[in-house]
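Residues per chain are reported as follows:
Number of protein chains: 2
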Amino acid sequence: MKLYFSPLACSFATRVALYEAGAAATFVEVDPLTKQTEEGTDYLTVHPLGLVPALLIDDRRLLTENAAILQFVAEEFPRAELAPSDPWGKSLMLQWLLFIATELHKTVFVPLLEKIAGPEVKSYALAKAPLRLGCVERRLADREFLLDQFTVADAYLCAVLNWSAVTPIHLERWPSVHRYHTSLLRRPTFARAFGEERALYFRELERDAPGHP
Amino acid sequence: MKLYFSPLACSFATRVALYEAGAAATFVEVDPLTKQTEEGTDYLTVHPLGLVPALLIDDRRLLTENAAILQFVAEEFPRAELAPSDPWGKSLMLQWLLFIATELHKTVFVPLLEKIAGPEVKSYALAKAPLRLGCVERRLADREFLLDQFTVADAYLCAVLNWSAVTPIHLERWPSVHRYHTSLLRRPTFARAFGEERALYFRELERDAPGHP
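Going line by line, the protein sequences match chains U and V.
Read in order, the letters of the first sequence are residues -7 to 205 in our numbering.
Read in order, the letters of the second sequence are residues -7 to 205 in our numbering.
Hints may be right or wrong, so weigh each one.
Repeated chains share a single entry, so a pair holds when one copy, or any two copies, can fit it.
[Unchecked claim] Here are the computed lysine-lysine pairs in the BS3-like style, where the Cα-Cα straight-line distance is at most 25 Å:
| id | residue 1 | residue 2 |
| --- | --- | --- |
| 1 | Lys(-6) | Lys120 |
| 2 | Lys98 | Lys114 |
| 3 | Lys(-6) | Lys114 |
| 4 | Lys(-6) | Lys107 |
| 5 | Lys(-6) | Lys27 |
| 6 | Lys120 | Lys27 |
| 7 | Lys27 | Lys98 |
Worth flagging that the hints you see were computed from the coordinates, not collected in a lab.
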């Protein structure tokens, strides 16, 4: 398997899931600015929107969309127990994956992170944050994970919460979310993935800086 | 089962899926402006963001997030064959459900439909439409449905494409998408659901018009 990723993008969650599963995978970096892969190929031929992650499973199978990939990894490596085993638990995990993807990732964070988004767009997105993070706060008030066990939904939520550091969203305002995020980043697979991708992220910033050859 | 819906919202897709499955369900209308249900209750006690659909399955189980509900319905009524039966087909269906939810529904259409979104926000969202609808166009160029059979992903995509009528997105620009949408609306379950919800939609507009008691 080959995972196309960009440092600290939502593909961080898939890297964590693969580490949790002990899965053999190669990781191919995609420059989010130029859309070139570290293999020297044009990533737009893999994903027409240039979005990471994409998981190349074998010669025939390419999967895109972070939440779909996360569920695939959980199902492919059942011994890692990265998803509930009962049908209702699976439905609830999918509900949370969708909530993170639609309400947090796309509604709140993408406009806050994108350079092409002007101040009115950023205000519109930021105004939507408190209600949505409030939902997560109430969910996490008395639990360690989103569901009754660690799942790939926690990996996705952590990836999204990581972005608050470069936005006006201060997680301290939601104490249970803040505690949860801090605690997840101490988990060995998360700490390893975060350390590796943070180093690559700073290299990416340097490479894409104006004036750099 | 009880489906909380608003006329022609994305909950339209779940209504279609329930009709396709021949499932017994009651439909409870939620006014998107006041968040009151037709039962006279406050919908914010069901869903803190006030978003439809929500599916009350029994006394213990409430599911939110359209794509999670659609997958639940497909699994609950396997004889209706609303999803592929093989694991890889299921992964691809989830990929498309996610693409529709994140790239079309939340990224493009919500800002175009919301009154609180100003002109800069609407321009930002509209600029994202061609690349995304182009992906769907290429996918549908030589096929009747998103996957090798009709699935709940088609119901979701149809619900989203319905909204183009009240936005500056002209589906004629993407001929395969336009043909697909027109063809789906002729399917009996879609035609029935669309007729019913259109009538309710006009009643809703009248009810919520300024000056109406």
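Status of the hints after comparison with the structure:
1. Lys(-6) / Lys120: Intra 35 Å, inter 28 Å, cutoff 25 Å: neither.
2. Lys98 / Lys114: both (12 Å within a copy, 15 Å between copies)
3. Lys(-6) / Lys114: neither (34 Å within a copy, 37 Å between copies)
4. Lys(-6) / Lys107: neither (29 Å within a copy, 43 Å between copies)
5. Lys(-6) / Lys27: So Lys(-6) and Lys27 pass the 25 Å test inside one copy only (17 Å; across, 46 Å).
6. Lys120 / Lys27: Classified as between; 17 Å across copies, 30 Å inside a copy.
7. Lys27 / Lys98: Classified as both: same-chain Cα gap 20 Å, cross-chain 23 Å, threshold 25 Å.
When held up to the earlier numbered hints, the structure conflicts with 1, 3 and 4 and fits the remainder.
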